[in-house]
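For reference, the chains in residue letters:
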Amino acid sequence: MGLVLLVVIWLITFISTYFFVAKTWWLPTGASAAAAGIDHHFTTTYILMGIVFVAAQVILGLFAWKYRDRASAAPARYSHGNNTLEIIWTVLTAILFIGLNLMSSSIWASERFQPAGPDAVQVEVTGMQFAWYFRYPGPDGKFGGTKPELIDPSAGGEAALGLDSNDPASKDDVVSGTMYLPVNREAEVILRAHDVIHSFFVPAMRFKQDAVPGLAIHMHFKPILTGDYEIPCAELCGLGHYKMHAMLKVVSQQDFDKWLASREAEKQ
Amino acid sequence: MATRELTAHELHVHAAPTSFIRKWVFSLDHKIIGLQYYFLALTAVFVGMFLSLLMRIHLVWPNLSLPLIGDIRPETYLSLLTMHGTIMVFFVLTTAPQGGFGNYFLPIQIGAADMAFPVLNMLSFWVTLLAYLVMLSAFFVTGGAPLHGWTGYPPLSALPSAGPGEGPGADLWVISIALFCLGALMSALNFITTTLDMRVKGMSLMRMPLTCWAWFITAILGLLAFGVLLSAGILLLLDRNAGTSFYVPLVVVNGVVAGHKGGSPLLWQHLFWFFGHPEVYIAILPAMGLCSQLVSVFSRKPIFGYKAMVYAMLSIGLLGFMVWGHHMFMSGMSPYSAFAFSIMTMAIGVPSAIKTFNWLGTLWGGRIRFQSPMLFAIGFVSLFVSGGISGPFLAQPTLDIPLHDTAFVTGHFHLIMGVASIFGIFAATYYWFPKMFGRMMNESLARWHFWFSLVGTYCVFMPMHYLGMAGQPRRYSQFTEVQYLLHLVPLNKFITYAAFATIAGQFIFLFNLFWSMKFGKKASDNPWEATTLEWTTATPPPHDNFGGHTPVVYNGPYEYSVPGAPRDFVMQTDPMIVTAAHK
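Top line first, the protein sequences correspond to chains B and S. First residue of the first sequence: 0, per numbering that gives the first Met the number 0; consecutive thereafter. First residue of the second sequence: 0, per numbering that gives the first Met the number 0; consecutive thereafter.
If you're looking for bench data, these hints aren't it; they were derived computationally from the structure. There may be inaccurate statements among the hints.
Reference listing, derived: stretches of chain B covered by chain S, where coverage requires no fewer than 3 residues with Cβ under 8 Å from a Cβ of chain S [what the hints assert, rightly or not]:
id: 1; region: 99-111
id: 2; region: 115-126
id: 3; region: 147-156
id: 4; region: 161-173
Beta carbons are placed, not taken as given, at the ideal position from N, Cα and C, and that holds for glycine.
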């Protein structure tokens, strides 16, 4: 039985580890400025934790086999433990865990402790059952007012956000079902939700933030690769959660300007 | 001291009941109540498992119509998910290890005749059963069971208009949880008092088996955590039915202004996770205690570092109340507080690692007997390591960004809180079945059950980590709408097939359990040659546990292979040896 346990536990360990090492299923290619740092720290954590995982499982299997009860076995060792060992592994684990934590804190701080720069593209992201809407303030740089009683999700677009057309600042606001961002420029997103909590998740940007009713959450990230990226909702929001989905198109600054201008033109 | 204990003991002795109703139904006997809790959990685990089976089927064959059940719509799927999680967490993982085995064996292991408050104990069980029935009834009301997940985040859980199942079904869900909290609070008081007041002469705290320590600490966690959940649940009921706005700000659902104002959705998350994270330890601490017990018994060695194990459990209990925010890194909570929660969470990994090292240390140099309880204990250690190792990923806010609310989290908590705890329950069943029912369970069936469960659950939950890294969000009822999820479907199919096999394996257990009650080999009083008090009494134990006499304890709980002793174990009641380690 000891041998079977060894074989099974080792097999489980090595097969599981193989798929991590081979990266058969892995994080999607990072496309934001922060992705490289996050991925690097992910790999560091993964290597250190991987060593602990493999070592613990290998030892478990090995001990099960080596110390199995059999006629020729030595009597069990009468020992209540070893304080030196306890102290050594407590200190080592504490250093490993707390150290890992401190290593990654600067990445977290960089996107969250400072506001977005003045040059950032502002986009208001609003979640509702079961769609995302993206609003750009237009040339005046100001978002127009919205009113809850004007909200009409079935009408889509500006009406879905309840945009108040009497507010002069709302005249040039652009509302889109697809998110456009210029490459290599910081994007400031202002996250809102109308009904329940949603979560704005862009795997390729290594970006995730809940959109919470009653809060306007300011965050920022910088796309560095052009392309189309999917935005699935990551917080259970009701029966259509699985299909609450939008696209992020990262384009050159010229293409972005062109797109915004054409949307402005449509409004006039 | 001796006089006081005697009084306490005398106060709680009650005559053996003779009528069927008082003996088996409204029983005051902690052993019967323990069995009642256990069978409640057994029913619940099969219901919960069946719901998960339907979920796995729907995930990979979304258009399949099932006989008798019909189409599974997205909202049906979310109801299954909500009820699966709620039933498993409350009525299985909280109920079986503590209410079931704790009730049955805590008094016996400390030499008491019963729990401190037998009537309260009976009441705890019946309130818990009522909670379970109310929970199940949610399936049968208009709109069906709620779809807000076991975490019930408002506004989704607070607004009947937010989806099907958020009407009466959601009310029943909240009421059930509130009732469960009441039962758990009463039970926690009972466990704490019993442990502190009912120990026999010689059973100092540091001579208690680690199982008793685990039940004791679990009860303290329960006392502090369930009170908060109860209050949170009452506020949610008020928001739903009395027009208050604790959790709901001004929201517009489907074009309709909902009439709430100024509430905070994050308040619920704080209250819920203040309960929710300790709840993880409520589920797993008893399994840790039991596993420590079994590793020592079946390695025929004293537990490695008894005191370290006790302090580790105490620190897990303490730190467990300071880490709730790690569930909320993406919630909109202050990013500064993430640092504090993250450090505390990483710190809680330290005592968890200490426990693992000590289990390995106990195996080291032992003479391991691979009987079924030990197989599950070793399985527990393996699963605890595998489920624990993904913790430091999720505990770091930076890495939580890509992983939060993905299948990675599902894999992580199922391995550690779900399957590892369930392995604890299985190990406890195989270990204590002879004492509870007077017969042995069938060993070959137990082995088959073990292999199916170990390999099966790894095949189900390990791939979820890969899916999560690839960005598969949790709680999606199908993977047809997001392009990058399409290539993950084959792996999802693999998980579903593995779930079939794992679930099939559980019927071996069910058969073995009932078959052995009737036809198992007669058990002796101490079939595993273990040292703790439950093995000094008759099998099954008499109504007052020790047949009229009160045991006296001389030794620690783990005196195996003591040099010079006549056999390789020294009972706690053997007056011959007082070892230096446990004076």
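Hints, one by one, checked against the model:
1. Remark: the region 99-111 of chain B is confirmed as covered by chain S, as 8 of its residues place a Cβ nearer than 8 Å to a Cβ of that chain, reaching the required three.
2. Check on the region 115-126 of chain B: 0 of its residues sit with their Cβ under 8 Å from a Cβ of chain S, so the three-residue criterion for coverage is violated.
3. Coverage of a stretch by a chain is defined here by at least three residues with a beta carbon nearer than 8 Å to that chain's beta carbons; for the region 147-156 of chain B and chain S the count is 6, and the condition holds.
4. For the region 161-173 of chain B, the proposed coverage by chain S is not satisfied: 1 residues have a C-beta within less than 8 Å of a C-beta in that chain, short of the threshold of three.
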